[in-house]
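Given the structure of chain A, go ahead and fit chain B onto it with the hints provided.
Line by line, the protein sequences give chains A and B. In this text, residue positions in the first sequence follow the numbering used here: the first is 2, and each later residue adds one. In this text, residue positions in the second sequence follow the numbering used here: the first is 167, and each later residue adds one.
Simulated from the structure, these hints should not be mistaken for laboratory data. Note that this is a predicted model, so its numbers are computed, not measured. Glycine included, every Cβ here is placed at the ideal spot set by N, Cα and C. Hints may be right or wrong, so weigh each one.
Keeping only pairs whose Cα atoms sit at most 20 Å apart, straight-line, the calculated SDA-like set for lysine to any residue is [to be verified]: (1) B/K258 - A/G247; (2) B/K235 - A/F239; (3) B/K235 - A/R166; (4) B/K258 - B/H286; (5) B/K235 - A/W165; (6) A/K242 - B/S288; (7) A/K242 - B/L290; (8) B/K258 - B/V242; (9) B/K235 - A/E249; (10) B/K258 - A/F239; (11) B/K235 - A/V261; (12) B/K258 - A/R257; (13) A/K242 - B/V268; (14) B/K258 - A/I169; (15) A/K242 - B/E271; (16) A/K242 - B/R254; (17) B/K250 - A/V261; (18) B/K250 - A/G247; (19) A/K242 - B/Q287; (20) A/K242 - B/L273; (21) B/K258 - A/D248; (22) B/K235 - A/I169.
FRET-style restraints, in silico, Cβ to Cβ [claimed, not checked]: (23) A/R296 - B/V237: 31 to 39 Å; (24) B/S320 - A/V24: 48 to 56 Å; (25) A/L348 - B/E368: 41 to 49 Å; (26) B/E312 - A/L348: 52 to 60 Å; (27) A/F23 - B/H378: 40 to 48 Å; (28) A/I179 - B/K235: 28 to 36 Å; (29) A/R351 - B/E411: 25 to 33 Å; (30) A/D170 - B/D379: 54 to 62 Å; (31) B/S320 - A/C236: 28 to 36 Å; (32) B/R252 - A/F162: 27 to 35 Å.
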Amino acid sequence: MNGAEVKPSVAPGVRLGGHVSFVWRPWIVCVTLLLAAATFLVFCLSISIGDFPIGLSRVIATIFGRGEQVDEFVVMDLRMPRALAGLVVGIALGVSGAITQSVARNPLASPDILGITGGAGAVAVFLVTVSGGTATAVVSTVGLSAAAVAGGLGTGLLVYFLAWRRGIDGFRLILIGISVSAVMEAITTWLLVRADINDVARAQTWLVGSLDNRSWDEVRVALWCSLVLLAVVACAAFQFKPMHLGDEVAAGLGVRYSRVRALLLLCAVLLAAVAVGAAGPVPFVALVAPQVAMRLTRYPTPPMVASGLVGALLLIGSDLTARTMLPVSLPVGVVTAAIGGPFLVYLLVRANRR
Amino acid sequence: MTAQCITEIGSGVDDAARLAARGVTVGYGGRTVIDDLHVAIPPGVITTIIGPNGCGKSTLLRTLTRLLKPVKGSVVLDGEDIVKLRTRDVAKKLGLLPQAPVAPEGLTVSDLVARGRHPHQSWLRQWSSDDAAVVERALAMTGVSELADRPVDSLSGGQRQRVWISMTLAQGTDLLLLDEPTTYLDLAHAIDVLDLVDDLHESGCTVVMVLHDLNLATRYSDNLIVMREGAIQAQGHPRDVITAELLHEAFGLQAKVIDDPVGDRPLIVPIGRTHVRLGQLGPSKS
Numbered sequence: 002m003n004g005a006e007v008k009p010s011v012a013p014g015v016r017l018g019g020h021v022s023f024v025w026r027p028w029i030v031c032v033t034l035l036l037a038a039a040t041f042l043v044f045c046l047s048i049s050i051g052d053f054p055i056g057l058s059r060v061i062a063t064i065f066g067r068g069e070q071v072d073e074f075v076v077m078d079l080r081m082p083r084a085l086a087g088l089v090v091g092i093a094l095g096v097s098g099a100i101t102q103s104v105a106r107n108p109l110a111s112p113d114i115l116g117i118t119g120g121a122g123a124v125a126v127f128l129v130t131v132s133g134g135t136a137t138a139v140v141s142t143v144g145l146s147a148a149a150v151a152g153g154l155g156t157g158l159l160v161y162f163l164a165w166r167r168g169i170d171g172f173r174l175i176l177i178g179i180s181v182s183a184v185m186e187a188i189t190t191w192l193l194v195r196a197d198i199n200d201v202a203r204a205q206t207w208l209v210g211s212l213d214n215r216s217w218d219e220v221r222v223a224l225w226c227s228l229v230l231l232a233v234v235a236c237a238a239f240q241f242k243p244m245h246l247g248d249e250v251a252a253g254l255g256v257r258y259s260r261v262r263a264l265l266l267l268c269a270v271l272l273a274a275v276a277v278g279a280a281g282p283v284p285f286v287a288l289v290a291p292q293v294a295m296r297l298t299r300y301p302t303p304p305m306v307a308s309g310l311v312g313a314l315l316l317i318g319s320d321l322t323a324r325t326m327l328p329v330s331l332p333v334g335v336v337t338a339a340i341g342g343p344f345l346v347y348l349l350v351r352a353n354r355r
Numbered sequence: 167m168t169a170q171c172i173t174e175i176g177s178g179v180d181d182a183a184r185l186a187a188r189g190v191t192v193g194y195g196g197r198t199v200i201d202d203l204h205v206a207i208p209p210g211v212i213t214t215i216i217g218p219n220g221c222g223k224s225t226l227l228r229t230l231t232r233l234l235k236p237v238k239g240s241v242v243l244d245g246e247d248i249v250k251l252r253t254r255d256v257a258k259k260l261g262l263l264p265q266a267p268v269a270p271e272g273l274t275v276s277d278l279v280a281r282g283r284h285p286h287q288s289w290l291r292q293w294s295s296d297d298a299a300v301v302e303r304a305l306a307m308t309g310v311s312e313l314a315d316r317p318v319d320s321l322s323g324g325q326r327q328r329v330w331i332s333m334t335l336a337q338g339t340d341l342l343l344l345d346e347p348t349t350y351l352d353l354a355h356a357i358d359v360l361d362l363v364d365d366l367h368e369s370g371c372t373v374v375m376v377l378h379d380l381n382l383a384t385r386y387s388d389n390l391i392v393m394r395e396g397a398i399q400a401q402g403h404p405r406d407v408i409t410a411e412l413l414h415e416a417f418g419l420q421a422k423v424i425d426d427p428v429g430d431r432p433l434i435v436p437i438g439r440t441h442v443r444l445g446q447l448g449p450s451k452s
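Bound conformation, chain A alone:
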């Protein structure tokens, strides 16, 4: 690929002056830039399309603060929260999935399967149904998100400690995750059966995963939380690189693997929980995005940046599909499930053939 025919083709480095240097992988850089461009395009399309269509160029101009006053309100106040929620939730889910799949060294380990989204859902539904009318005001805004984050984090920790036996084994993590997931779903179902029918309707929409009626308040919280978490992930990612070779090799290369792994898993759980808090448990994005990113970048392990971008692309794209191409407007989770289900089957079939 890089034309080094005579010498063994060790990846060439890029020096950015002084002691700053990185491995130069042209293909991955190109794919990532293309994904970023595609994500931006879909993001703008999502704003452009609606009851009152606005041309793409006008959308872009408005985003960069050079639009007309007329577009300002529709773009920034009405449609931006939805598109931004899609972007943030997609990136958070993609990166979260990339971390869990890397840690478990298994493509099936995603926050959905590890029970994190299920736990977040159960706690949120508990809040909606049991508290009922009394806390509706709180519930409708940030309260629901906070409950989801708490539920996701709690379930994540529960799975982690149940799976802990002198270290973390990927397969045990997945099995425990699936069981805890089932328990959480049972709790959710039980809560829905007992609840008032109006609460059930609200909880159901939320449970499928939807970007409808996002407000700036909700999006702002999710945005800042995600930014902080992504910064932590970016810092820890370097120490994480050798961990794809297994714990003992990583330890031999000077990585304090249990510490790095605990930190990154915590970030993954929180990212997934923030995403669930903002858009409900949108299924399969965290599972599919890293796998698609791996295939596009032709990289053997889930690439973080590309996974995040594929996640965003998938989520905003699915939302767009759900809103426009289908005869009835559906929550985004229905579309991601329709894409993700077959993909999961494909992964399982492929894993079994090995």
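For chain B alone, coordinates are given in the frame of chain A:
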């Protein structure tokens, strides 16, 4: 092509006694495997730990590489307690190859070997020209340069093990600890890998390894550590250590020890219950 250790450019080569365990007690969750064990690894030679299954030989190796933390006692690397050193600094001095490591599917040979540079890198300095030079040398030394672009999982077992040793070399240490480097290899590939290990030793590396095969251990080591039930039964040059009595005591094995017809070491000929000519059975038959 002869393999060599890659020592860090500019750093003085320190060939003093490097690694020792001082009164270590190690166990897994309450069960003690090794109790109050003392051992020193002599510099510049190949030391091989042998012993029956479950005697604690891997546990000792893992303790020496700080993968396991002793309950009591300490492991000393270059005069310092290994648990007090930063794990990155340990990784710059001591290379470790665990038993049967697995690379992610699709990872290329050069990318795997490049990971060996991790202890020398930082967030901002992820790949320097030094790194590239060392990785190329490590690939050349282990004879896998022409495989550089191939995925590790497409290689044969022997090639794969060479690649992993290459990664450990890229770490730039002259102290290598190998946990059963010949596991799952057929005899020809095992010999190939051990010849490589011997080349590294000739160039000045100190090697500590665990081996299952007693004759290979005898042939390739200058210093044998024979373990039994978590304690050291004997230690020294194979010529001094390997005797029929020791094999019986440590392994419960009836064997005849003869001169190796092709080498200068003893050769162990095991005696089982069957397929042995009459009169060849050992005197201490039980």
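How the hints compare with the structure:
1. B/K258 - A/G247: 19 Å, holds
2. B/K235 - A/F239: 25 Å, violated
3. B/K235 - A/R166: Given that 20 Å is the threshold and the Cα spacing comes to 16 Å, the pair holds.
4. B/K258 - B/H286: 7 Å, holds
5. B/K235 - A/W165: Answer holds: B/K235 to A/W165 is near 18 Å, not above 20 Å.
6. A/K242 - B/S288: It holds: about 11 Å lies between the C-alpha atoms, which stays within 20 Å.
7. A/K242 - B/L290: Given pair A/K242, B/L290 holds - Cα atoms ~14 Å apart, limit 20 Å.
8. B/K258 - B/V242: 15 Å, holds
9. B/K235 - A/E249: Status holds; Cα separation ~14 Å.
10. B/K258 - A/F239: Given pair B/K258, A/F239 holds - Cα atoms ~17 Å apart, limit 20 Å.
11. B/K235 - A/V261: Holds - the C-alpha atoms of A/V261 and B/K235 are around 18 Å apart, at most 20 Å.
12. B/K258 - A/R257: Distance of about 14 Å is within 20 Å: holds.
13. A/K242 - B/V268: 15 Å, holds
14. B/K258 - A/I169: Not satisfied, since the Cα-Cα distance of roughly 26 Å exceeds 20 Å.
15. A/K242 - B/E271: 15 Å, holds
16. A/K242 - B/R254: 14 Å, holds
17. B/K250 - A/V261: At roughly 19 Å apart (the allowed maximum being 20 Å), A/V261 and B/K250 satisfy the hint.
18. B/K250 - A/G247: This hinted pair is violated, its Cα atoms lying about 24 Å apart.
19. A/K242 - B/Q287: 11 Å, holds
20. A/K242 - B/L273: Satisfied, since the Cα-Cα distance of roughly 12 Å is no more than 20 Å.
21. B/K258 - A/D248: Holds, because 18 Å separates the two Cα atoms, which is no more than 20 Å.
22. B/K235 - A/I169: Status holds; Cα separation ~17 Å.
23. A/R296 - B/V237: 31 to 39 Å: At roughly 47 Å between Cβ atoms, B/V237 and A/R296 fall outside 31 to 39 Å, so the hint is violated.
24. B/S320 - A/V24: 48 to 56 Å: 22 Å, violated
25. A/L348 - B/E368: 41 to 49 Å: For B/E368 against A/L348, whose Cβ atoms are near 48 Å apart, the range 41 to 49 Å holds.
26. B/E312 - A/L348: 52 to 60 Å: With a Cβ separation near 34 Å, B/E312 and A/L348 fall outside 52 to 60 Å, so the hint is violated.
27. A/F23 - B/H378: 40 to 48 Å: 42 Å, holds
28. A/I179 - B/K235: 28 to 36 Å: 33 Å, holds
29. A/R351 - B/E411: 25 to 33 Å: Because 56 Å falls outside the window, the suggested range is violated.
30. A/D170 - B/D379: 54 to 62 Å: 29 Å, violated
31. B/S320 - A/C236: 28 to 36 Å: 34 Å, holds
32. B/R252 - A/F162: 27 to 35 Å: 28 Å, holds
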